[in-house]
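Novice: Listed below, chain by chain, are the residues.
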Amino acid sequence: MAIDPVTLAILKGRLEQIADEMDAVLFRSAFNPIIAEAHDASHGIYDAKSGKTLVQGKSGLPIFVGVMAFGVKAVIDKAATQDGVHEGDVWIFNDPYDGGTHLSDFRLVKPVFSKGEVFCWLASVGHWHDVGGNVPGNYNPAATECFQEGMLIPPVKLYDKGVYRQDIIDILSANSRQPMSLFGDLNGQINALELGVKRMTSLLEAYGDDMISECFEELQARAATMMRAQIESLPSGTVSAEDYLDNDGIHDEPLKIALDMTIEGDRMVLDFTRSSPACMGPVNISRSTCIAACYVALKHVFDDVPANAGVLEPVEFQIDDDSLLAVTAPKPVGGYTETILRLIDVVFQAIAQLRPESAMACAYGTINALSLAGHRSDGRRWVMFSFFGGGHGAHSSGDGLNHGNAPISTATIPPLEILEAAYPVRFTQWALRPDSGGPGEYRGGLGAIYEIELLEEQADVFLFGERGRFPPRGVVDGMPAALNQFAFEQDDGWHAPPMASKMVDIDIRRGQKVRLETPGGGGYGLPSKRSPATVAHDVALGYIGREAAARDYGVVIAADGTVDVTANKERSTSEASNT
Amino acid sequence: MTAGPFVVGVDVGGTYTDVFVLNAVTGAVSVTKVPSTRDDQSRGFVEGIAQRIADFAGISTVIHGTTVGTNALLERKGARTGIITTEGFRDVLEMRRRDRPTTWGLKGSFEPVVERTNRLEVRERVLADGSVLQPVDTDEVKQRATELVAAGCEAVCVFFVNGYANRSNEMLAVEAVRSVWPNPYVTAATEILPEIREFERLSTATLNAYLQPVVSSYLDRLTSGLNDRSFNGDVLIVQSNGGVMSVDSAKHYPVRTALSGPAAGVISAAAIAEAAGFENIITCDMGGTSFDVSLLSDGKAALAAQTSIDFGMVVRTPMIEITTIGAGGGSIASIDKSGLLQVGPESAGSDPGPVCYGLGNDRPTVTDANLVLGRINPDRPIGGKLAHLDIDAVRLAVASQIGEPLGIDIEAAAEAILRVANAKMAGAIRLVSIERGHDPATFAAMPFGGGGALHTGALIKEVGLGSAIVPRYPGVTSALGCVVADMRHDRVQTVNRMLDDVDAGEIGREMEAIAGETETLLHAAAITFIAVDRLYEFDMHYLGQTHTVSVPVEIPADGLTRDIIQTAFEAAYLEAFGRLLAGIPMRIVSYRIAVIGRRPKFDMSVFAPIDGKSSEACITAKRQVYADGAFHDAPVYERLQLAIGSRITGPALLEQPDTTIFVDPGLEARVDGYGNLIIKPLAE
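Sequences listed follow chains C and Y, in order. Under the numbering used here, read the first sequence as residues 1 to 579, first letter to last. Under the numbering used here, read the second sequence as residues 1001 to 1684, first letter to last.
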């Protein structure tokens, strides 16, 4: 019996609602702001045997959408080596080489049983505040092995046939600087899974196992069909894009991410074999993370394709085993966010060559994980840890968004008043950064300036950022955005980190500041095509300075803010020759 | 209370202005609908009342649900507004919380309601603990205010970082602004919302300033329009929280009217349901582009702490929780690239509207599907805008765009559109009921607006609701809500301290003092209350969490204690998440106070049909209606003529000027003592 298309549409909505509801429960009950405020978490429904993504929540972190499938598969394989899967089991792990991302992301995986068999899996992933390692908050740019990044837990049972294993919690708690936060987040994830099982069970009762199984298959087949149709609409052939990471935090040498994208009818090949080999520092990623990042990039480009494993069905990957995009233990992977953002950038750049009329330029391209940590006068430890925003790329239909979140995430930034209330810091600036958006017919969105003063005796500062040497690129002749810039104040004045945007254990004192200036997004189209009036408006708003208007756009703005027509004569000529 | 027997409720919508008149002496009611006057809503408002009441001196109170504020926000038609803020923070409004409009695709954009050039900084700084690091320089503030006047601003919002912890700098600055710029439109952010989280506070306060000139001048025109006809009673405005406030309060806090219209509808539903003996209701308001759902449990509406009117336009004031999805009568059906049937979110709205309007849209909508299936009478369109609906064009559109691609016949295609649309609406209902732990079998759906009653039966079946209750005049529900709403004021204050560190008795006294002040405001309007209630609530969590749970408490005569607060918190947390976290300390983030003046009850039995006829005598025609895969011969009834106690078995259609009701096969409808239609599954 083939499932009728109307029932299919209805069930799709019901299943997505279950995943969304699991997201909502965790966001509300989590302890650490990275989950509760920044939504660095995700939930989904996965295939009983293959672990493939069947349904994913809309509000969770996009990068987890693709990578969770590998995590569920890791549990399936592990269970097969033991006494199998039982009702009431819950598995927990954070192994980044086996379906993980980095050590901070803890996964809980639980089977849904029907008629004595595993019908599907539910999984919950969330970014915990601290999982041990050398650096509070776990973004350690100096790590050369994962052991310096935190504890590594392979898939183990948190619940064994419904029995809670306190010993597992004891091990986890003993290895964290923030055990209370860990306990709170873990409870939130259990809440989400319990709710998911309840909802899934009642859906199975209402529609029957066969109908739901068929729905899973059909939804994947349709996502694949849609994806093939999208690929087929691109011109056949091969295009290439290369971009760079500043360094790996250990050796100050750039690392290449190279993509050769080939379109052959309704298939797409993503060939990364020209990329740099594995590096010593923590910007490596595992193969599953690389595939998941490409999934995210393609979902941004083809945003109407449903979120399930079918999206990747027509896509072939070529990644060398010795590449920094396919490492295994114990290579450090803590800074995976930087590498996958660069992967998204090269996919955007390649697509722009194939279909300029709907292209997006690169977004700011770095997570800027900044932590300040120290002890209060009463001896209590504090760790302020957050990710910061930047500009989105310009696109074929307009300027980029100012101060957006990273393409791999839907995270919001914690309010500065919450940070000031919780930690001994004071923000002296929280503002848009002029001249940070890439010039173009459409301008890249602006990045931001965050300046923070320390209000306690001493603190150690850690930063894990990128784009300090290679700015976010424009597309279709658009220009690059501004570089990421970080500076910190010490007794002898202001300094920049030796590795551009990465540093550990920098000592600052009361009254001293750190200053982060984040990149904007790349531009779209030739800057000379932007109308002088629009450039003048940007100058009036302070989005760009007068000098930049003249230099990048060739538009001279008079003292009263109007366009200097005489001085702009030359521009109209060059504009004509460009078109 | 002033003399005059009439109490008048007026709801101004996008298309119609609904007027509901109650004669408080005789108990008689009458309703009327006039076209809204979009250029100046106050004109249609006054004309609408004049259709029913000749001498406005006979009116004691006019209560108004308004969309002037909502529309000004959505269409960005507020006043030119300036912001004076702490040095270093002029971009907070534009930077939002670093979000984006959609998860997938990075093509979003955002334009704040205040341009960057009109956001000016002054040197001042308060720290998170409330200490003043740098006092504000009032001369500098005056200078900035003068610059904003020169830039043509009409309103200004003064917002300082950490103002929630100590508002002294902000207050000094507001005084300084007023000293050089005598202007009623000066908003202090902490006066609107003394709550931590800078973007949410600034956004709410800025939108308040942005609306003040628009809403104030509208209310001035309204009151002078009424006074010109010798009205000397009171005007009250419905707030988003479902309570009413005086015109003065509304001019001061226009942002509190952001959801005024929909809130009035929900209040009305609560009153109708209570009279009819229903405690648990899910209201379903189906318009042209959206479907709004609200849940009333034990007769009370849930309040949400904040909402976004549009991307980045956050309003944080207590408001009736309304869940909106993109499924209305105008929602367009299409087949996507994977061959799946989709309904919405794209909508034809009311202009050009569905294919059947013949105004240029050729893509089939939900209304068109209802027409194909015989559920709408092509010769009696509701609303009276058109004389006839173009069924031939509709059949062509449904057959070619939906039927052929799916390989099914035209009726099956139309029914498929309704099933997908109903499933979306059911999803919204599930979201507010099952997902919040409510059992849908104990709830009744209450449709209002023009289109909802066609879908109610399907929703009963799809979600497993116990029944549905269709009010006698679903088209004027919001206007009725105005008449029955209580007066309500909400206050909030951030505390941000550990439960173990607070002096609970002191906090309790503080809360009672604020409630006292607020009650004075209540009595400033010359309205009679049968009772005044005070509600006290804490927002609390375990140390380390950022989200809070609402913890209602009662303050006993001998004062509040920590034990009382802890017991109440644990009960609320257990209810929300099912497990407590032993050993982790608790924190009070803020307290909330609501003071509610209960207005006299309204006797719903005035809606009872008088001289009603038997159901057979009300049959006007028979129509072929398609449902569950087959055509049925369905009688058509004149709804308003049905006597109390009449019973009708589905399939059946009930027509009245402002709506059409479809009783699905397997359901039964009954007219209750208040003129409502109660629809339930047929007893086995």
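Derived by calculation from the structure, the hints in this document are not laboratory data. Treat the hints with care, since some could be wrong.
Claimed, not checked - Lysine-lysine pairs mimicking DSS-like chemistry, simulated, CA-CA at most 30 Å apart:
#1 C:K115 to C:K198
#2 C:K256 to C:K115
#3 C:K198 to Y:K1461
#4 C:K115 to Y:K1107
#5 C:K12 to Y:K1461
#6 C:K529 to Y:K1461
#7 C:K12 to Y:K1337
#8 C:K73 to C:K12
#9 C:K58 to Y:K1461
#10 Y:K1300 to C:K52
#11 Y:K1300 to C:K198
#12 C:K12 to Y:K1077
#13 C:K12 to Y:K1680
#14 Y:K1461 to C:K256
#15 Y:K1680 to C:K58
#16 C:K78 to C:K198
#17 C:K198 to C:K52
Claimed, not checked - These stretches of chain Y come out as covered by chain C in the derived footprint (C-beta under 8 Å, 3 or more residues):
#18 1111–1122
#19 1411–1423
Unchecked claim - Counterexamples of contact, computed for chain C against chain Y with all Cβ distances above 10 Å:
#20 P33
#21 K73
#22 Y207
#23 M211
#24 I263
#25 D303
#26 P306
#27 D322
#28 R376
#29 L416
#30 E451
#31 D505
#32 S531
#33 L541
#34 T562
By construction, the Cβ of each residue, glycine as well, lies at the ideal position given by its N, Cα and C atoms.
Novice: Can you name, in rising order, the numbers of the hints this structure does not satisfy?
Specialist: Those not satisfied are hints 2, 4, 6, 10, 12, 14, 15, 20, 25, 26, 29, 30 and 33.
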